[in-house]
Structure formats: C-alpha cells, structure tokens
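Asker: The lines below spell out each chain.
There are 6 protein chains.
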Amino acid sequence: MASFEIDTIVQSLSEIRKEWRASQKRSREPGGREFPSRDALAEVMDALKGALFPMRLGPTDLRHESEDFYVGHTLDTALHTLLAQARLEIRYQHRHQAITETEVEQRAVETITGLANSLPHIRSMLDSDVLAAYRGDPAAQTVDEVLLCYPGVLAMIYHRIAHELYTRDLPLLARIAAEMAHSQTGIDIHPGATIGPSFFIDHGTGVVIGETAVIGERVRIYQAVTLGAKSFPTDNEGSLQKGLPRHPIVEDDVVIYAGATILGRVTLGKGCVIGGNVWLTEDVPAGCVVTQARSQDTPRTNCASSSGI
Amino acid sequence: MASFEIDTIVQSLSEIRKEWRASQKRSREPGGREFPSRDALAEVMDALKGALFPMRLGPTDLRHESEDFYVGHTLDTALHTLLAQARLEIRYQHRHQAITETEVEQRAVETITGLANSLPHIRSMLDSDVLAAYRGDPAAQTVDEVLLCYPGVLAMIYHRIAHELYTRDLPLLARIAAEMAHSQTGIDIHPGATIGPSFFIDHGTGVVIGETAVIGERVRIYQAVTLGAKSFPTDNEGSLQKGLPRHPIVEDDVVIYAGATILGRVTLGKGCVIGGNVWLTEDVPAGCVVTQARSQDTPRTNCASSSGI
Amino acid sequence: MASFEIDTIVQSLSEIRKEWRASQKRSREPGGREFPSRDALAEVMDALKGALFPMRLGPTDLRHESEDFYVGHTLDTALHTLLAQARLEIRYQHRHQAITETEVEQRAVETITGLANSLPHIRSMLDSDVLAAYRGDPAAQTVDEVLLCYPGVLAMIYHRIAHELYTRDLPLLARIAAEMAHSQTGIDIHPGATIGPSFFIDHGTGVVIGETAVIGERVRIYQAVTLGAKSFPTDNEGSLQKGLPRHPIVEDDVVIYAGATILGRVTLGKGCVIGGNVWLTEDVPAGCVVTQARSQDTPRTNCASSSGI
Amino acid sequence: MASFEIDTIVQSLSEIRKEWRASQKRSREPGGREFPSRDALAEVMDALKGALFPMRLGPTDLRHESEDFYVGHTLDTALHTLLAQARLEIRYQHRHQAITETEVEQRAVETITGLANSLPHIRSMLDSDVLAAYRGDPAAQTVDEVLLCYPGVLAMIYHRIAHELYTRDLPLLARIAAEMAHSQTGIDIHPGATIGPSFFIDHGTGVVIGETAVIGERVRIYQAVTLGAKSFPTDNEGSLQKGLPRHPIVEDDVVIYAGATILGRVTLGKGCVIGGNVWLTEDVPAGCVVTQARSQDTPRTNCASSSGI
Amino acid sequence: MASFEIDTIVQSLSEIRKEWRASQKRSREPGGREFPSRDALAEVMDALKGALFPMRLGPTDLRHESEDFYVGHTLDTALHTLLAQARLEIRYQHRHQAITETEVEQRAVETITGLANSLPHIRSMLDSDVLAAYRGDPAAQTVDEVLLCYPGVLAMIYHRIAHELYTRDLPLLARIAAEMAHSQTGIDIHPGATIGPSFFIDHGTGVVIGETAVIGERVRIYQAVTLGAKSFPTDNEGSLQKGLPRHPIVEDDVVIYAGATILGRVTLGKGCVIGGNVWLTEDVPAGCVVTQARSQDTPRTNCASSSGI
Amino acid sequence: MASFEIDTIVQSLSEIRKEWRASQKRSREPGGREFPSRDALAEVMDALKGALFPMRLGPTDLRHESEDFYVGHTLDTALHTLLAQARLEIRYQHRHQAITETEVEQRAVETITGLANSLPHIRSMLDSDVLAAYRGDPAAQTVDEVLLCYPGVLAMIYHRIAHELYTRDLPLLARIAAEMAHSQTGIDIHPGATIGPSFFIDHGTGVVIGETAVIGERVRIYQAVTLGAKSFPTDNEGSLQKGLPRHPIVEDDVVIYAGATILGRVTLGKGCVIGGNVWLTEDVPAGCVVTQARSQDTPRTNCASSSGI
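Protein chains in written order, with the numbering used here: chain G, 1 to 309; chain S, 1 to 309; chain C, 1 to 309; chain L, 1 to 309; chain D, 1 to 309; chain E, 1 to 309.
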C-alpha cells in the first residue's frame, strides 16, 4: 500500500495558491465562496427551461390542468436562487470598491425582477426560433421535434436568458450560462451578442458568435460559421481594448452556409446569402450572393439574384 | 427581500402558451404528457449499451460468469421502457387521426420486437466498427481502448440503434437518441443515414451526415467532414419538399479527410480519397484522389493511384 | 403486452461475444472487470480539479481557513482511487505476459506517487494558462471568469493531468481522461502532446492536437485548428507504424487562427502567425506571417512583420 | 475468487416460487407487477405531508407568497401517482373476479377524488392534534416544535390519510402507509382505527391501536399503551373471523398512561383515567380513575375524582 | 383520467392555514423559512458522527494517515451549517421580540463555538459508554461491534451532542436531533437529561428518559425502562408549569432492568438495582435491590446485598 | 462570521483517538478500513430480499418472464459484495493472530458459498412465516399484504439471513444485519437465536430475543415479549462468561402474548400459552396456560385446556 506524501503536497499547493493570490493582489481572508456557483446556476437554468416550456421541458408527469401551479412554484424557487447568485456576482464586481449590503440587495432585486418580467418576451422569441427551425429544415417533421432535439434551439434558450443577464450587468452569470450551452451543443454564442427573432442554427457544432455581433430577424446559419473579430486593437500600454464593436452586423433574412467565416465590424446586407466556407472581411450589399463556385478561388459576389447555394 | 410578481408572470406565460397552441391548432385538453421523454430514452440507451457490451460498458462489478443474467434482465427492462415510449410516439403521430389503442399496441410491439431481434446484428456491425478504428488509427493501442475512448465508436453505437428506430417508423425517438450522441461527441449523424460495416470516424467533432446519405463498407472519415444537401427544392407553395434523396452516396473503401464538404446527391466511387478541406458538389469516379495540393486553388483530381493524402 | 424473445436474444448476443473473444484470442475465464472504469476516473478527475483550485472548483461551502483540510482529504481519497485504477491498467497491459502482483503494486505506487508529486507543478502551469487566456481575450473580464467559463482552460486542466498519466506509462487512463475533456469542450488533445506554459485555446470547438505534437510557451490557438498527421507510414506487412513523430512542432509565441490545418512533422518557427483557414504542410520560419489575404488562393507568407491577421 | 453455483441457486429459487404460487393457486402469467409499490406510496405520502404543511414540512426554500403554487403542483402530481396505485390495488382486489378496466378506472377516480376532497378536513384535524400535544406536554415549547419533533404527530399525519384510504376501500395502500409510520415512530395504529380530533400520543414507542378501536375527542395516551383484542373468535371451520368489532371504545377526554393494556370491546367512559401498566379487560364508567397504587395488586378503581396519577 | 378539483382544494387548504396562523397570532408576511431544517441538521449530525469516529463512522475509503484532514474538513463544513441553523433558531426564539442581526450572530457564534470546543470531551464520554457496553453485555465480542451495532451507543452519540445544544439554549435543534435518534433506535432521551459517563442502554426499544432526569456514572438500563414524570403541576390558570424538576435522579452504579418504570423526582441511591417491570414512585436507598420476586405482588426491597435479579 | 479553532479541535480529537487506541492496544498503522461496512451490507441485504421475493420486493418494473435473469444477476453481485465483507471480517477476527491471505480467501469463499446454497431453504422457511402470519392475524387479508406490510416478516427475512452468517462464523456481519431490522421494526432478535419455521411476531415493537434462545415450529409472539437472560455468570476474574446457554427454549406451537417476559434457560413446553404481561423465570409444562387473570397477582397456571387469553 502506498503512503503518499500528502502533507508535503498539501503544503506545496498551499504555497502556490498564496503566490497566485499575491500576484493577483488578493488577501487571504477567512470566509467562504464569494463567487457564483456553476451548480446553482445550472439548477436555475433547468428550472427556467421547464417554466418556459412546461409540457415539453418540464417534469414528465406534469399535466395540462396544473401547468400554472408548476410554473409558479418553479419560477419562485428559481428566481430566488438566481437572486442569491446575483448578490454574489455584484459583491464580486465590487470586491475592490465599497458597496453597502443595501446597495447590493437593491441592485440584485432590480436586476432579477427585470429578468423575471422579461420571461414572457423570451418565450415569444423562442417560439419564433422554433418555427424558423421547423420551416428551415426539410428533415424537421414537427415543431415538437424541433424543441426537443435541435441543439440550435437549446442554445437559443440559454442565449436569450444569458443575454438578459448580460444586458442587466451580470456578465459572469451570463457567461457561465452560455458555456453550459456551448458544452452541450458545440455552439459558442457570447452572451453579449444581440439576436433578433426567428433565428435558426442548423447542426451547430463549431458555430462561434462574438460579443458585439448584431443579428437581425429571420437569419439562418449552419454549422461551423464564425462571426468573429478581425484584430484586437491595443491601447497605449499595449493592453487589449475591451468592449469595442468588433464583430459583424447581420441584417434581416441573411443565410450563412456551413463553415463560412465573417470577421470584423462588417455588415451583411438584408437578404444576402453567404456560401459555405467563404472567408469574408468586407461588407456585402443587401440581396447579394457570395459563393466560391466549384473552385476555391476568390469569392464571387453576385447581387442580381438570391437563389440558394 | 424581493417579491417577484410571480402571479403576473405566470399569467403572461400562460397566455403565450395559449396563443402558441392556437397557432398550432392544438386544443388544451386535460391530461399528461403525450410525448416521448428524453430522460426515459436516455436510460434505455444506457441499458442497451450495457447489454451490447456487458464487460466494457455494463456495471463495473459485473463478472463474466453471470453476463447472461445481466444481459437478460437489462434487456427486459429496457425493452419494456422503450415499448412505453414507442406507444407515446405512435399516439403522437396520430394525434390528428383516429387510431385505436389496440392498433397502437400492435404497432408498438411489432416495432420494438423488431428492434430487439436486430440487436445481435447491431453488435456484429459495431464489432466491425471497433476493428476498423483500431486498424485505422496509429494511436490506437487496443480494441478495448477504442471501445471505451473513441467518440466515433460511441456515436455509432447510438446511430446503429437510432437507425433501427428510424427505419421502423419511430423517427422522433430516433432523433432524440441521435442528439444524445451529438451532444456527447460533436458528431451529428441523422438517424436516417444508411451506414455499412467497418465505419470509422476519427476525432469526429463537427462531422455532419445527412438524412439520406448512403455509406458503404470500410469507409473512413475525419473531423469536420460534412455529407450535406446542396439545395432544398420547394414545392408549388414554396414549402420545402421533405424526404427527397439529397445527400451523398459514399461507396466502399472511401476515405474523406478532415474538413471536406461533400454536398448534394453525388456519388464518391469505390476506393476514392477526398483530401482535407476539399469542397465537392460533383461525382468522383472510383479510385480517384481529390486533393487541393498545397494551394487553395481548384481541387485536383487524380485517378491513377489512391495513395493517402 | 409484448413478450420479447429475451432468451433467444441473450443467446445470440452471447454467441457473438464468444466469436469476438475468439477472434481476439481471449479466453472467457470467470472473474470481474480487468479494465479501468470510466466512472471511477471521472470521480478522480473531479477531485483533482477541486484539490488544485479549492475555492473555485471545490465544494461551494468551502472556506479559506480550512482549504488545506479539504485538499488533504480529497487528495488522499482521489490518489488511492487512482492507484486502484492504475493497478487495473498495469495488469491489463500485461494480460499476455507474466507479472507478479508485487510488480504490479510497485509500478502502480511509483507511478501515482510521481503523479502526486507533480501536482504543484501542474497547478503552476495552469496558473500560467489562466493568465494567458485573460491577457489574450478582449472579452475576458477577470481571471476567475476565465477559470470558470473557458473551455480551453478546462481542457488544459484535464490535459496536464492526462499527460502525466501518459508519460508515466498509463496511456489508457490518460486517454479516458482526455476524452472526458473532449466530450465537454469539443477540444481533442491527445494526452501524448507536449504543451508548454501559458497556452491559450479560444472557443476551442473542433481543435485537434495529435499525439506527438510539441508546443512551446505562450502559444495561442483558436477554434477548429488541427495539428495533425499528414500520412501514416506502414510497415512491411502493411500495418500502421505506431508511435513515430508525425505531428507539428510549434515554437514559442506562435498564434494560429481559427480553422487552420497544420499537418505533418513541420516546424512553425518562434513567433510566427498562421492565418485563419490556412492549410499548411511545410515549415514556417520564425517571425513569419502566413495568410490567405482576402481570396482563397495560395497562402501568402510574409516574414518581415508579425501584425495580427 | 469464488465461483458460486448461481445457475443452480437460481433454479432452486425458481422452483420454490413455483411451488408457492401453486399452493396459492396462482398461475405464472407473463406481465409486470400487479401490486402497489411501497416506494411510489412513500413519495405520495411525503408530497401530501408537504402539501398539508407547506412551510414546515415542504421544501426548505419555499416562500410564503408562493405556497399555493407549490401546494397545487405537489397535489396534482401526488394525486395522480396515488391514482395509479389505486388502480393497481383495485385490480389486485379483483384478481379472482371479472372487472373491466372502465370499472377499475371509475372506482379509482371516485376514491382518490374523495380522498383529495378530504384533505382540508384532515389538515383541520391535524391542527387540533398539534394543539393537543402542545397543551399536554410540559416539555413542549412551541407548536412548531410539536409539528416537527413529535413522533405522535407524525404518526397521526400518516394515520389520518391512511384511514381515508381504508374507509374508501383501499386497505392495502392504507396498511402500507401505516407501516411507514410504524417503522419511523414505533407507533402501530391500524388504519381501520377511528380517532377523533385533538388526539395526543406522547413518546409513543410501543403503542398499538387495533383495527376496530374507536377513540373520541381530546384523548391522551402514552408510550407502550395497547388497545388490543382479547381473543379471536373462529368460525365453524376453525378459521379466524375477520372484521368483527374486537378493540376498545375510548370516549372523550380519557387519559391512558404508559404501558396500560386494554383488551377487547370494552368501553372507557368519558373522562376516565387509566394508570400506568394497568391491565384491563372490562368497561370503566365515565369519570373513574383506575390505578395500581404503589403495589402490583388488583387495579383500584376510584370514580369520585379524576386527579392525575 | 381524473380531473381533480385542485383549485378548490388549494383554496380550502389556504384558508385553513390562514385560520391557523390567525389563531396562532401570526401574520403572513412574504419570505422564506424562518425555522431550522431537519434535513440540514441530519447532515450535520452525520458529519459530526464521522468527525468523532473517523475510521468507524466516517467514509469507507478513509485511511489512517489522513484522518486529520478528513476531520478538519468535515468539522469546518458541519459547524458552519450548524451555525446557519443556530441563527434560524435564535431568530425564531425572538420572533415576538426585537433582536438585531448583530446580536443573533454573536449568540450563534458563541453557542456553536462552545459546542465545537466540547467535541473532544464528548468523544471521551462516548469512549466510556462504548467500554461500558462492551463490559456489560455477554454477547458483545469487541468494542468495534459495540460502536457499530448497539442502538444504545448510537442514541448516546446523538444525545451527548443534543444535550450540548440544549444547555447552550438551542432547545429546538436539540430536540430535532434527539428525535432522529428516537426514530432510528426506539430510545427516547429528552435532550435536557443529564447523563454521566459509562452509560449503557441494552436493546433499548421503548426506553424513555425525561427532560429533568439526572443520571450518574456507570449506570446500566435495559429496554422499555421509563424515567418519567408522575404528575404535571399546573399554575393558577390551569396551564402546565414548564421546566420544574420532575424526573428521577439515578446515582452512580445503578442497574435498572427491562420494563421498570420510575416516576417523579425520586432518587435511586448509589449502586441500587431495580428489577424488571418494577413500578416505583418512591426513593430507594443506596445499595438496595428492588424486585418483584416470582409473583406480581408488592415490590420487595432488599438492602443487604446487591446480587443481580 | 465565526472562525472556529478547527486546528485545535482536530488536534484534541486526534489525541483522544490515540489514547483510545493505546488503551485498546492498537497501533496506528497506515492503511484503510479493516472493518466491514454497514452501507455495503445494507446493499447486500436489499439485493437478497429482492432475489428471494423478486415480484414483491424486487424492482417495480420487473416482469414474471424475466425473473430468473434478475435473480441471477442480483445474486451474483450481492454475493461478491458479501464475499468482500466476509474477507474484512475474517481479517479483523485475526487481527491479533497470523493468517495468510490464502486462508482468508478460503474461509470467505467457503462461508459465502454455504450461505448462497442455503438461500432456497431460507425462502422456504420465510414462506412458512408468511403463511403463519396470514393465518394468525384476523386483520390480515392476503399473503401479499403480509409480505409487504408486516414488520415481523421483515424482521424474519433479516434474521434468517443473519442467522446463517452467525452460524458460519461471521458474527459481526450477522449483528449489523440484525440491527438494520431492529432499527426498521423495533424487533431485536440476536442473530444467534435458533428459530423454527412458521414463526409469527405480531406488531413486534419492543420484542427482544436473546442469543441462545431456541424456538420451535409454529410459535406465535406479540409485541414487547422478551426472551431474555436472568443473570450473567462471571468467571473467576469477575468478567462475564460469554456464550453460555442463558435464554429460554420455546417448544412447538407455543403462543406468548404481549409484554410477557421469560427469563433464563427455562423451557416452555409444547403448545403452552403465556398470557400478556406475565413474568416467568421457571419451566412451563407442555399444554399449560399461564395467565394473570384480571388482577396482577401470582400468575395462574392452568394445564387442563389451552384456550386463548
């Protein structure tokens, strides 16, 4: 039987943590976790999914005639758990500043109340996404199949909630929620991205949508599409400048086929179509079709018609 | 402490559900879930994995000499759970038509009996897939490693079962099973796809194989390969035509390297090799090698030899 | 109610297992699992994550002042569980050779003791990875967000442990651990790959890093980058030759943008930059920038400057 | 390693089951459990406890303002689970007779609807029991302590529900529920017993109350009190006659101290007091005190006063 | 399918709760549970058991050399959970009075710190109890068997902790803990009872020990022994007077055999022996033996010798 | 927030453990648990209950036609777990003596094989107990109710298995199993007690049956009956003599009513009846009735008839 040198290893790990904390200018004060919990948020997200779609994503033994009881009870529990997580993030945001507990509470309540009140709107948006997927995929047989089986829809359920958290100044909770969707679906949407109704992502693995992307209505994209940044401007001291608009604007009714990469603050005009694997770093006027034909040469832009690729 | 306006939110969500159901021409009748359950199916799939490979994917304390007891007990439970889910899907399929409970039962029993009887065949096919992976990957050290660690093999366990469900007219259960594999492996195989023995997917993230794809024996593909549709024909009213053959036919012994995209009902002839990142929308004769050499220009097709890329 | 022919199916499955075992030259002897367990290893990996980052990835109710108690208790349990798994793998490695239980024990203890002692070093390396991510992504707001939310960091936690297992001759446990990360993040790093400090993978879905790849310090890569093999040499009998160096060497400070594919034992020199979607099978000198400009033609190599893509 | 003769043991056990079934005149037909499930009922009882006392026995994170949502959702789920169990018991009751599924359904619905409608009454009765305990025990400090900590109250929650099941002709479910209470509290109340409001059992271990006992209002009993049967009349064939009144009648305001044994269909008149360890098989007039003084001789009955023992 | 009148029942239950709260003079204010949680305390008690006896009642995979890590981590978690429960009870105690959060915190910390510091003493006391059981029961074969299997020892682990809670003014938590032991063992010890070292209860079912009982060293009692109150004095208004000494004093080295009942504030002198089923309401001098010989007549007191019954 | 002196408490507890181990002459050597685990045994007992009565105490979704698969799989797992526990107990028994691992293994295998082979016999005995309960209780309506609801039957399932463990020299495992039954039912049967077929315990709370008791066929006993020891002979050094016959012999067809206490190695002759609360320390001839009539005076023995009390 082995006798590991547990004491020594514990000691070494403790010293490395101390160094790290020193390098991060943190004092090691007694106390518990001052940071939101992934597990707690996972419970909240599951509960909200159930509250939004009770008969499809709620408990299997739920019955129509008592949906509202379930929704009410589930929301109450989930929102109060989320409130507790919001307090943790707000305190964390102010870990180097003064903030009173009263201010923390006020901000947390305001934020989560806002999120709660937006849930009906979120459900409406998601209904439009479900319909868009049903209409956009020849393999889809019913809207119920779409809701239960399409990773793109699952990713949007998480995103539309995460985006609310992000715009209400809880970027960390938003990001944790977004990564849950990423891990399950392979679709990586930054919670900052603004996405209109009736959005459809097919297959989805490898999709990346950046923080400042803006997407209109009825947009359709396929697997491995990137809406990314082209370069990262640095400030005078060489640090990255954070928060600048640096991802594409995609107007209404655009379609982007699999593997296309669109980089930088370019605009894809209303109704244009971007072919598979196309690499784009410039604006595309409304109604144009950008393809690579059969060969891999310069993308060909054709703005007369908008037939599919 | 916050007091959310739970009553108001519950009311709004209820109204949005009503609107949705009206738009979907559904009446809200009392009663429980009329729809298969993802959790129930997940249990079934886990049990079938164990029954197919008891000493590798079954319980850790299983012993050789009582494998058959385990397999028999597990199958009996799993098949009856699956039968219950089949009933739910069959009733759902007929939600706008008349069907007697006797007919439901008859179809459900017929279907799941058929699936049950095909399990030995499925195991044989999977054995061929495991061997193909072992032979095809220089990093593979044993067949056991392949079975336990290769996402491509996991995806095929799900697919070969899901395909049986699909061909026996349970497309929804099939699809749910396929998405479980997609979520775990990043490999998205539509359950309608027909795949021969000794199939090997390496790495696998981003692979997409469409509903009407047909794949022969001893085919090998790498990550991010797409076997997709080129365009979606619409009918006179502008709706997508569903179910038409629209994905590639891949004949025996073909190899498709990472990132290649093959679109439409094209045929890749026996033994041909498609290089990485190649974009193809036309047939390739048997024995040919399609590559992009070093540059990104037009794919070069060379039909004299079939040496690896 | 259906009565499945369970007995018949059990019998058929049993025969197929017999055939398989015969083909694999295995005798069916009484006894239990002789193979490591994925579930056991999953517990170990969770515990090690907690022991390495107690206040972030440990239990939510942990407190600073008793971190060391938690770390010590968790390590002790996890290391002994890992020791048991190591014994299983060592016995499995010698299933066709003679090995005494004493030798098994000696090797297992040596191996896991070595791993245990390397944990402080692993933590240091991971700290450098966290900082690299924070500095490299304009969307990252704090190091804590990076640790909790970045799939690239999660993949590296698994990899740095898996790599220790691999170099200490437990390739199977290493591989199982690597696949856990692959399934959660879509990032597929073979445990054999050698990776220096301050490594950052952004987004990550679809990244593949091969067994013999060697990566220097401060390297940054994006989603869907492949560091793969170009061809697989076979020996005289046509079998793949296993273990040869066949993946790229990436020197310090290299950046590889999304979708780039680098194949074969090529060297990317210090500080060079590989643009998105570039396909490379040759060496790149230090300091060069390889891009595809706006079009998809031959990659353009520019070695005078190294401005971002 | 042992190799047990599992096959042989399985075979022997199978034969013994066959013999048992033959002796019980049962045929072994294919099919599942035709018998209520203890686990399912345990869930129902837990849910009903929570629905009856939401802020004390419901989930710890419940909040006043959403009690009704919780109660409604919990009741709906619990009652439908109970309905399914009721069907099982009704079919079981008729296993030797013809009964249509329609009749089963009708009886099950009628029964569980009746139970559901009686829940408010049950809660009122339990409130009176809680008050009785609080008033009767000098150690009780609050009504909340009584509800959470007193085994006598817990036993009455189970009993008042079990009694409803019993009187509505589901004696088996009733009995299973009663045994759950017995196991947790050591208090064995047959679900057939009729018990008035404001009933208080202190300590409770060893209390036995028989099937046909009738207990009035404001009765108080202590540990190890038996209200049992004196003898069991047999019919002409020597079998026990089932269902005859054979347990005591206890009128209002009676107190029975620890260890007293009252056997047979005797009546303890209003307000009488039975001392500890007294053994009684005859009626006691209203207002009398039966004690054993200091010695163990004949119980002394004093009907002038009713001071405590 | 039944449609229960859930709305109506929910409404009725809600009204009954309102009536109850009105009768208890409680306002229904928004907010969550203001009351300790049984589940939380159950976790604490399990953790404390493990911390007190790590190699016997701790986790099965614990190892000697890391006991202290386990004990430290477990204590830290358990004590903070207990602290949270203490706050709940203290606030509850003052629900009709003013108390600041600072006062709550101060009292909670003081109390639980006191309990924490008494744990080594508790362990010593329990060691003496284990030895007493081993020495007192001819069937006991090892001290380990005693610790693992004797309900009397389990009851004392709970009691010695519960008594600390009680004496530190957390009577509700104390009582909940006591009832956990009662439910598992059938032994009902009020947490107020004062019990010296080396106490042994054999078998135990039905034992009742009252709130103000005082028990010396090396006392031994058997199943169904009651140390109870004789009568409950009421105050001028007829309410029970709470907290008066009303249970027996049992001096050192006393033995009380099964089923004996001792009522009231009597004293059993040092070394006396009370026979089985004896009913006692008077003092017994030191060294006396009280038995009922073969018959059930007046107990016979023999103060010359102290041979066993 | 409190900062407990965890380090100090951990240190104190560690010292007390050291003292205890010193007093028990144990060295503190590195290593894990050398003692059977209650949790492991609980799993074994649950599995054996299911294997003995698959359609009643097995999983709820079990079906008749695959009972044998379930029984075989369950037995195999349970028996190997039990084997591992047996090794632990055997090593523990020899902790102060030399024993080779081979001897441990041999004894463990022999013992558990013996137990396994006795399972069919145990099932037969239990069938007789179930019938006895059904016939003996006027409230019992079916044999299934008896099996599911009667604590006396549950206690006998545990006892008949525990007794096998005891007679095969695994007294510790036997005792742990017995205490599980005691905790659930309030019935305390020492695993050493020898009990014939068709044994019925009604209600059961408070029953105590000692280690050397011998009970014939068709015996019936009620709650709170004690079959105990009268006195404990000590050896020359004042230590208790362990293992001597010291509990009653109860011959066939005896009935013992509630609360009766029988102490010492007395014999209750065939067919005799012992009335409620009777206190007996002498032999009773066959066919006699011992009662206390209405008063509490000397038990009256009537050997002419055997009518019930």
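Mixed in with the good hints there might be a few duds.
Treat identical chains as interchangeable: a pair holds within one or across any two.
[What the hints assert, rightly or not] In silico EDC-like pairs for lysine to aspartate or glutamate, Cα to Cα no more than 16 Å straight-line:
hint, residue 1, residue 2
1, K230, E15
2, K270, E5
3, K49, D68
4, K270, D283
5, K25, D39
6, K49, D7
7, K270, D235
8, K25, E5
9, K18, D68
10, K230, E19
11, K230, E103
12, K242, E105
13, K18, E105
14, K25, E15
15, K270, E101
16, K242, D253
17, K230, D169
18, K49, E34
19, K230, D7
Worth flagging that the hints you see were computed from the coordinates, not collected in a lab.
The structure displayed is predicted, hence computed values, not measured ones.
Asker: For each hint, tell me whether it holds in the structure or not.
Answerer: Do the hints match the structure? See the list:
1. For the identical chains of this complex, K230 and E15 are neighbours neither inside a copy (40 Å) nor across copies (44 Å), given an alpha-carbon limit of 16 Å.
2. Neither within a single protomer nor between protomers do K270 and E5 lie at most 16 Å apart by alpha-carbon distance, with minima of 65 Å and 39 Å respectively.
3. Proximity of K49 to D68 under the C-alpha cut-off of 16 Å is restricted to the intra-copy arrangement: shortest distance 14 Å within a copy versus 21 Å between copies.
4. Proximity of K270 and D283 under a CA criterion of 16 Å is satisfied intra-copy only: 11 Å inside one chain copy versus 34 Å between copies.
5. Neither within a single protomer nor between protomers do K25 and D39 lie at most 16 Å apart by alpha-carbon distance, with minima of 27 Å and 38 Å respectively.
6. When the C-alpha separation of K49 and D7 is checked against a cutoff of 16 Å, the pair qualifies neither within a copy, at 45 Å, nor between copies, at 18 Å.
7. For a Cα distance limit of 16 Å, the shortest separation of K270 from D235 qualifies neither inside one copy, at 34 Å, nor across copies, at 25 Å.
8. For the homomeric pair K25 and E5, neither the shortest alpha-carbon distance inside one copy (30 Å) nor that between copies (27 Å) is at most 16 Å.
9. For the homomeric pair K18 and D68, the shortest alpha-carbon distance between copies (12 Å) is at most 16 Å, but the shortest distance inside one copy (51 Å) is not.
10. Proximity of K230 and E19 under a CA criterion of 16 Å is satisfied in neither setting, with 36 Å inside one chain copy and 43 Å between copies.
11. For a Cα distance limit of 16 Å, the shortest separation of K230 from E103 qualifies neither inside one copy, at 39 Å, nor across copies, at 56 Å.
12. Taking the shortest Cα distances, K242 and E105 never come within 16 Å of each other, neither inside one copy (28 Å) nor across copies (42 Å).
13. With identical chains, the CA atoms of K18 and E105 are never at most 16 Å apart, being 31 Å at best within one copy and 30 Å at best between copies.
14. With identical chains, the CA atoms of K25 and E15 are at most 16 Å apart within one copy only, with a shortest distance of 15 Å there and 38 Å across copies.
15. Taking the shortest Cα distances, K270 and E101 never come within 16 Å of each other, neither inside one copy (48 Å) nor across copies (51 Å).
16. In the homo-oligomer, the alpha carbons of K242 and D253 never lie at most 16 Å apart, since the shortest distance is 30 Å inside one protomer and 22 Å across protomers.
17. With identical chains, the CA atoms of K230 and D169 are never at most 16 Å apart, being 26 Å at best within one copy and 42 Å at best between copies.
18. For the identical chains of this complex, K49 and E34 are neighbours neither inside a copy (27 Å) nor across copies (19 Å), given an alpha-carbon limit of 16 Å.
19. Taking the closest pair of Cα atoms, K230 and D7 never come within 16 Å of each other, the shortest separation being 49 Å inside a single copy and 47 Å across copies.
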